[in-house]
Amino acid sequence: MRSLIIALIFVLAHGSYGQNLKNKLVGEWEYLQKNASEPSDFILLHSSGRYIVFNAMDGTYCLDLPIIEKGNWYFDPEKSIVKLGDREVIQEYAGFVKWHKSYDPIIMHVDSLSEEILQTSYTRGGKQTVEKYRKTVYKPEIKATFTETSSSKNQ
1 MRSLIIALIF
11 VLAHGSYGQN
21 LKNKLVGEWE
31 YLQKNASEPS
41 DFILLHSSGR
51 YIVFNAMDGT
61 YCLDLPIIEK
71 GNWYFDPEKS
81 IVKLGDREVI
91 QEYAGFVKWH
101 KSYDPIIMHV
111 DSLSEEILQT
121 SYTRGGKQTV
131 EKYRKTVYKP
141 EIKATFTETS
151 SSKNQ
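FYI, the working numbering numbers position 24 of the sequence shown as 24, with every residue one higher than the one before it.
Treat the hints with caution; some may be incorrect.
[Claimed, not checked] Simulated restraints on C-beta separations: (1) Lys127 <-> Ser48: 29 to 39 Å; (2) Val26 <-> Glu88: 15 to 25 Å; (3) Gly125 <-> Asn23: 26 to 36 Å; (4) Lys101 <-> Ile67: 15 to 25 Å.
[What the hints assert, rightly or not] 25 Å max Cα-Cα, derived DMTMM-like pairs, lysine to aspartate or glutamate: (5) Lys127 <-> Glu30; (6) Lys132 <-> Asp111; (7) Lys83 <-> Asp104.
Because the hints were derived from the structure by calculation, they are not lab data.
It should be emphasised that the depicted structure is a prediction, and the values quoted were computed from it without experimental measurement.
C-beta atoms are modelled at their ideal positions from N, C-alpha and C, and glycine is treated no differently.
Sequences and hints are given; from them, build the entire structure.
Have a look at this one:
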């Protein structure tokens, strides 16, 4: 009986640990490029299980829409991987799409995760690639929404 209780506690604790990791992943992450000459890509992992990859521009030309692709994301706490699947590509010529090409789902191993930094890795063509992301946190003033009835003081 004691073994059963210990096993149940372990299963419940492991489940809450996986949920805590998933909750830490939720948010907007900026890709940290080394010596980048173009703006970073951002991945928004929403708590609903949807994701959006966006960037205001790619290369030397501006895009009409900052959204590059969107789809569903899933976190597997047992394997410590994030899957970006059901990919709907919006900007075919964006760097993110070119790099990840026909991979569906994109599978990234979570190497480390803190409140500020996410480090992932994956293999492409026999080569191990490591990527770092920084969590984007906006000040409350920037998040505020303004309406026509808002006072100019608040704006």
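Going down the list of hints, with the structure as the test:
no.	hint	verdict
1	Lys127 <-> Ser48: 29 to 39 Å	33 Å, holds
2	Val26 <-> Glu88: 15 to 25 Å	20 Å, holds
3	Gly125 <-> Asn23: 26 to 36 Å	33 Å, holds
4	Lys101 <-> Ile67: 15 to 25 Å	18 Å, holds
5	Lys127 <-> Glu30	23 Å, holds
6	Lys132 <-> Asp111	10 Å, holds
7	Lys83 <-> Asp104	9 Å, holds
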